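Enquirer: Sequence:
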Amino acid sequence: MKEIEEYLGRVLVPREKIRSMVMDLGARITNDYRGKELFLIGVLKGGFMFLADLVREIRIPVEMDFIAVSSYGSSTKSSGIVQLIKDVDVPLSGKHVIIVEDIIDTGLTLAYLKELLSARNPLSVRLCTAFDKPSRRKVDLKAEYTGITVPDEYVVGYGLDYNGILRNLPDLYVLDEKIYRK
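The numbering of the sequence shown is UniProt numbering, which starts it at 1 and goes up by one.
Any given hint could turn out to be false.
[As the list claims (entries may be wrong)] Straight line, CA to CA, 20 Å or less: simulated EDC-like cross-link-like pairs of lysine to aspartate or glutamate:
(1) K142 to D171
(2) K45 to D140
(3) K142 to E115
(4) K114 to E153
(5) K95 to D140
(6) K95 to E37
(7) K45 to D89
(8) K45 to D32
I should point out that these hints are in silico values taken from the structure, not numbers from a laboratory.
Since the structure is predicted, the reported quantities are computational estimates derived from the model, not experimental observations.
Sequences are here, hints too, so could you generate the full structure?
Expert: The structure is reproduced here in structure tokens:
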């Protein structure tokens with residue numbers, strides 16, 4: 001097996017900038033939802049690191065759960081077909097929902113989730129993403145809470161993977177081109 005460094009190009013977003021972004025988003029969400037019933041839904045697998053950090057920066061009571069979908073399968077390109085793998089375990093009616101995702105790329109997954117969850121009668125459904133790649137968007141979708149806009153490059157770390165690995169990196173890296181252009 002390769003060493004981690006063999007996969008990585010340059011650091012795109014250092015951990016200090018990620019930490020600052022998470023703190024800012026947590027403060028904004030706290031201010032926007034003070035006195036309201038807030039429910040965060042983390043999108044697995046990539047969104048777990050961001051959700052864990054974000055929830056610790058939100059200074060109001062909050063419920064949370066996870067949802068898992070797949071639009072990639074085993075390839076590195078989105079198939080455009082979104083499949084629900086794990087649903088939330090509680091009713092959303094009467095709650096303010098924020099879907100928490102690692103990155104918005106084509107937007108197909110989050111558009112699907114927003115429509116799916118909106119049909120369950122929550123008071124609101126908003127989107128929060130750590131990273132955004134608007135240049136790759138295939139649908140008209142914008143997150144109400146966006147951390148950092150990134151260029152159209154293959155990025156890994158902070159929850160984002162390459163073939164199931166590299167999610168554990170604390171910084172966001174550009175994946176070395178020789179890895180995925182074989």
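Enquirer: Find the hints from earlier in the document that the structure breaks and name them by number, from lowest to highest.
Expert: Violated hints (numbers, rising): 1, 2, 4, 5, 8; every other hint is consistent with the structure.
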